[in-house]
Amino acid sequence: MVAALRCVIVRDLRLAARRSSDVMTVVLFFVIVVSLFPLGIGAEPKLLRTVAPGVLWVAALLASMLALGRMFAADHADGTLEQMMLGATPLGLVVAARVFAHWLVSGLPLVLISPVLALQFDLSQELLGVVVLSLALGTPVLSLIGAIGAALTLGLRGAGTLLSLLVLPLYVPVLIIGAGAAEAAASGLGGHAQLLLLGAMLIFAGAFAPWAAAVALRISVE
Amino acid sequence: MEKALEAVDLRCTRGERTLFEGLSFALKGGELLRIGGPNGSGKTSLLRIACGLLEPDRGEIRWGGENVRMLKEEFWARLLYIGHANALKDDLTAVENLGVACALAGIVADDRQIGAALGRLGLAGRENLPARVLSQGQRRRVALARLALGADSPLWVLDEPFTALDAAAIDCVQDLIAGHVTRGGRVMYTTHYEASIGAAISRRIDLAGS
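Residue numbers (our numbering), protein chains in the order written: chain A, 1 to 222; chain V, 223 to 432.
Simulated from the structure, these hints should not be mistaken for lab results. We treat Cβ as the ideally placed atom computed from N, Cα and C, and that holds for glycine. Hints are not guaranteed to be accurate.
Here are some chain A residues pointing at chain V (derived, C-beta under 10 Å) [claimed, not checked]:
{"#": "1", "residue": "Arg-11"}
{"#": "2", "residue": "Val-94"}
{"#": "3", "residue": "Leu-166"}
{"#": "4", "residue": "Leu-168"}
Using the sequences and the accompanying hints, generate a full structural model.
Here it is, written out as structure tokens:
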């Protein structure tokens with residue numbers, strides 16, 4: 001069973017490496033959206049410092065949204081999804097492995113590149129740490145919630161738009177708490193409470209979202 | 223290997239149409255079951271119901287007396303299903319594709335065994351080509367190479383296994399199926415090809431298609 005899960009993760013990373021344009025699209029989208037803000041709202045440093053965490057978070061949220069559609073669609077089209085459903089490993093665990101691999105190629109790059117982008121906003125060192133940490137805890141939650149939406153809209157016409165409408169409202173709490181962490185840290189309160197909340201969300205979503213997505217997949221495939 | 227696959231009073235409707243009704247059969251060890259019928263008569267639906275992918279409108283599929291939709295992984299670990307779609311990734315090589323398929327099905331096989339299975343299906347020398355450059359028939363062979371490794375799965379469910387294959391590959395797949403039945407396995411398959419598979423007990427169900 002562990003071998004099967006490792007095999008699924010290796011497969012997804014291999015596919016991403018052989019089709020690196022998909023990964024690059026998401027990262028470039030993130031870079032461009034974040035860079036548009038300083039251009040659009042002017043170079044007032046105080047203003048930029050205030051909006052930086054929110055901008056980074058909204059951009060990360062939209063970028064991870066962009067990658068969601070691919071999570072199950074190709075496997076559904078070529079029959080691999082049926083094999084996953086009829087496998088010896090419980091589907092929920094396979095989905096968890098797939099979400100983890102999906103985060104490694106579409107969420108982790110955003111976390112890693114965000115400190116560079118934050119320079120454009122003149123964010124202080126300590127705030128930068130909080131923002132990066134909040135993104136590191138928050139983007140996997142986005143992938144987990146997104147997996148449920150991707151599973152529910154699998155095979156529907158206009159799935160992309162429907163997926164955004166379905167998933168974006170569910171992203172709101174993560175966004176508020178995630179962006180709030182840096183805000184609290186800036187005001188001197190410290191962002192610990194928000195980071196702990198994000199950690200709790202991650203554990204909760206990690207435990208339940210894959211199973212919910214697995215049920216949704218079975219319904220979509222019937 | 224004593225457990226049987228039983229279908230009890232199955233009914234399947236797709237939209238307004240009833241594909242089949244009151245369908246019952248049992249498939250014991252060492253038996254071969256061929257599902258026939260014209261296009262659209264519900265052969266694939268029947269196989270998907272038998273695997274537990276699709277819920278029948280009435281009736282149930284039992285494995286050793288228990289509903290397969292309750293047994294879940296316990297049943298699926300014993301099942302080898304090869305569907306219409308080959309479940310291959312264009313960007314992965316034949317070996318990698320077969321490795322993933324085996325891992326998902328819970329079949330333990332190392333690279334040497336995987337290479338041997340591909341060789342048995344006539345793909346020697348093409349193991350490390352990406353599936354993208356393989357022909358339709360060669361892709362089908364990669365999918366079917368799982369049969370050469372799936373001797374321990376007591377139940378094989380095969381949807382049109384002979385599609386796109388040439389005569390040599392058809393012979394090879396027929397041998398694999400016959401070998402599995404002789405070992406005491408159960409095989410359920412659909413085909414339009416008049417296959418000649420040597421099996422002690424070979425039965426046929428023809429769906430009428432209304």
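Query raised in the report: Does the structure break any of the earlier hints, and which numbers would those be?
Result: Violated: hints 3, 4.
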